[in-house]
Amino acid sequence: MLRLYGKIFRTGMLTERVPTVPREEAVEREGARLKAVIDKRFRGSLAIRQVDAGSCNGCELEIHALNNVYYNVERFGVHFVASPRHADILLVTGPVSRHMEAALKRTYEATPDPKWVIAVGDCGVCGGEFGVSYASCGAVSEVIPVDLAIPGCPPTPLDLLRGLLSLFVNPK
Amino acid sequence: MENTQPPAETVDPNQMFRVALVSADIEALSVLPSPLAPADLIEVKKNDWGRLGQLASAQNWRWAGAWAEDLGTEFSMCACLQKQGRYLILRTDLPADNPALPSHAPYYWTADRMERHIRDLFGIRFTDHPDPKRWTRHKAWGETAYPLRKDFPAQGHPAPETPPDNDYPFLKAQGASVYEIPVGPVHAGIIEPGHFRFQAVGETVLHLEERLGYVHKGIEKIAEGRDPVGLLKLAGRVSGDTTVGHAWAACMAMERAAGVEIPLRAAYIRGILAERERVINHVWDLGALCNDVGFAAGYYQFGRLRELWLRENRALFGHRLLMDKLVPGGVAADIPPEAAGRMRDSTVSLRRELDELLPILDANSSLEDRFLTTGVLSCELASALGALGFVGRASGQTFDARRDAPYSPYDRLKVRVPVETQGDVASRFWVRYKELRAALRLIEQMLAELPSGKLAAEWQTPAEDAEGFAAVEGWRGEILCYVRFGAEGRISRYWPRDPSIINWPALEKLVMGNIVPDFPVCNKSVNGSYSGHDL
Chain A
22 MLRLYGKIFR TGMLTERVPT VPREEAVERE GARLKAVIDK RFRGSLAIRQ
72 VDAGSCNGCE LEIHALNNVY YNVERFGVHF VASPRHADIL LVTGPVSRHM
122 EAALKRTYEA TPDPKWVIAV GDCGVCGGEF GVSYASCGAV SEVIPVDLAI
172 PGCPPTPLDL LRGLLSLFVN PK
Chain B
1193 MENTQPPAET VDPNQMFRVA LVSADIEALS VLPSPLAPAD LIEVKKNDWG
1243 RLGQLASAQN WRWAGAWAED LGTEFSMCAC LQKQGRYLIL RTDLPADNPA
1293 LPSHAPYYWT ADRMERHIRD LFGIRFTDHP DPKRWTRHKA WGETAYPLRK
1343 DFPAQGHPAP ETPPDNDYPF LKAQGASVYE IPVGPVHAGI IEPGHFRFQA
1393 VGETVLHLEE RLGYVHKGIE KIAEGRDPVG LLKLAGRVSG DTTVGHAWAA
1443 CMAMERAAGV EIPLRAAYIR GILAERERVI NHVWDLGALC NDVGFAAGYY
1493 QFGRLRELWL RENRALFGHR LLMDKLVPGG VAADIPPEAA GRMRDSTVSL
1543 RRELDELLPI LDANSSLEDR FLTTGVLSCE LASALGALGF VGRASGQTFD
1593 ARRDAPYSPY DRLKVRVPVE TQGDVASRFW VRYKELRAAL RLIEQMLAEL
1643 PSGKLAAEWQ TPAEDAEGFA AVEGWRGEIL CYVRFGAEGR ISRYWPRDPS
1693 IINWPALEKL VMGNIVPDFP VCNKSVNGSY SGHDL
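Sequence order for the protein chains is A and B.
To convert a position in the first sequence, counted from 1, into my numbering, add 21.
To convert a position in the second sequence, counted from 1, into my numbering, add 1192.
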């Protein structure tokens, strides 16, 4: 047990400040605004439900990374929940396979209002490498309304963080 | 227990099989030279197909996969067998109208889902298949529509809205206090979709039935007509966590079809990329296994180590997951001396971190409590299922393509393959820990020996109908790939076989008798790819 405590102690705090777009000040301001929005409208806690609607699982790896010690997305009051009923935001990766179409719609319906949908990754944004076919509906917006698109194949955790920060700059 | 050499065998298994064919009066034609070299190809009559399966099973061949092809006037059907590092492919022709042949499923469990996939997508009937249920087909196309036939357009004829797949006939259990738990397709974590149907009594799992196919994206269909570069983009996204593995398999199959020999430097760089992918995935899953039993410190430590390597990938190769770094004929990323030095350093430092974590993990009684004797897959069952990768190797299955059917650069390296026989979650955890260390050693060796030379050979457009077959060892296990070219160097058939389709049934077996709350850790210890399975 001592070894474990030693390891934890020596590893220390690794969580990074958000290094973002060229003008750092603007980002800090946006970050502060997001935090303010989350504090005020969501009582300091924004709940995300991630839905894989057909991804190759690359996007999921990077979404997972948001929770590692370097990005530590929870410090902004953002956390991932197990049920759409607890969620404010659906983070959807695509393309939406036709076999997931009904499940995605039901997940959307199960999410209480007000809700936001973020399409993640090139496939979720425009169909990506898979496009539209007998098996794929393509972009998430073909199936449910989308509020924000975060492109990338896959988007890096930083891209995801920036996307989240930008969602409430012009809240609907 | 560590095997460094494949078992000594004096008789060529392919020759044994041909002798058996003659004794059984089965008419067979060895195609020489084999267009699928190094795999051998035997052409047979369709009515003998079932007997061939029976014969192969009696000779302990591992059934590794099957694929079909629509050749216009007829269908062709292939099954791939493997024994002692040799691959043997059986091929037969089927008439275009009402194609049917005997099944291999009565002799090989592994054949079950792959044959159902072929039936759903090609409309080839397997006459004595024990399970009539559909598999990959849900409700996106009709019962008599077959997407992989050439006359089916890639766009299909989709309904405005695809109905849910809610009438799949799951096996039911009956009796006092038996109940059913449906899970998914949308799961409670950041994870791919699939459906699990549990029959349970109290906390104990009586039976688990998987229902996959939710992320079927039509990969085999939309590969048709692509050029080699386009195919690689797609192959790199068969399963995002195995982007190097699948791209390598597709490259190798295409290069064999085109007769392109890649430069040795390119082979080494592919090897280094593939081992880095193995390291990153193993590190990640070791952490995730800790997380699934509530050991958060382990999860965060391994997550930290993974992130460091992802960042290094980004700095050295421009992509955190190493997507699109392979090109037909070679690689698109070089390793200059500074990069090699940096990788050597990170290898040393990761090993030091692992040395430090090992006693912490080993002495942790809560890990031991949850890992030991949980989710046991016996060696017999693993062999019957043909289990691959760390799932197989935790249950006594020693096969590793890098050592047993070596390809460049592994034919020049000493590949250590750790094997255990306990078959529980703990075994799979420790096999992966050992594989991780073996991968670090391979990376160091490849960096030390990295030959100079070109990064890619010039691509040559292969003749129409040229075909190629490849087997590479991805981090989950053996990946197979078959490619056939059409006119003008365009792909006419692409068949990737992720190890997941072989290993998914193992989860159904090993979870039986365990408690429902141990399902997540059992699932994680197998870690099948949904995308790689569903295609």
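Hints listed in this document are in silico derivations from the structure and should not be mistaken for laboratory results.
For glycine and all other residues, C-beta sits at the position ideal for the given N, C-alpha and C.
Among the hints, erroneous ones may be present.
Stated by the list, open to error - For each label pair, taking beta carbons as the anchor points, the in silico distance ranges come out as:
id, chain 1, residue 1, chain 2, residue 2, range
1, A, Pro166, B, Thr1336, 29 to 39 Å
2, A, His107, B, Pro1643, 48 to 58 Å
3, B, Asp1289, A, Glu163, 45 to 55 Å
Here is what the structure says about each hint:
no.: 1; hint: Pro166(A) with Thr1336(B): 29 to 39 Å; result: 35 Å, holds
no.: 2; hint: His107(A) with Pro1643(B): 48 to 58 Å; result: 55 Å, holds
no.: 3; hint: Asp1289(B) with Glu163(A): 45 to 55 Å; result: 36 Å, violated
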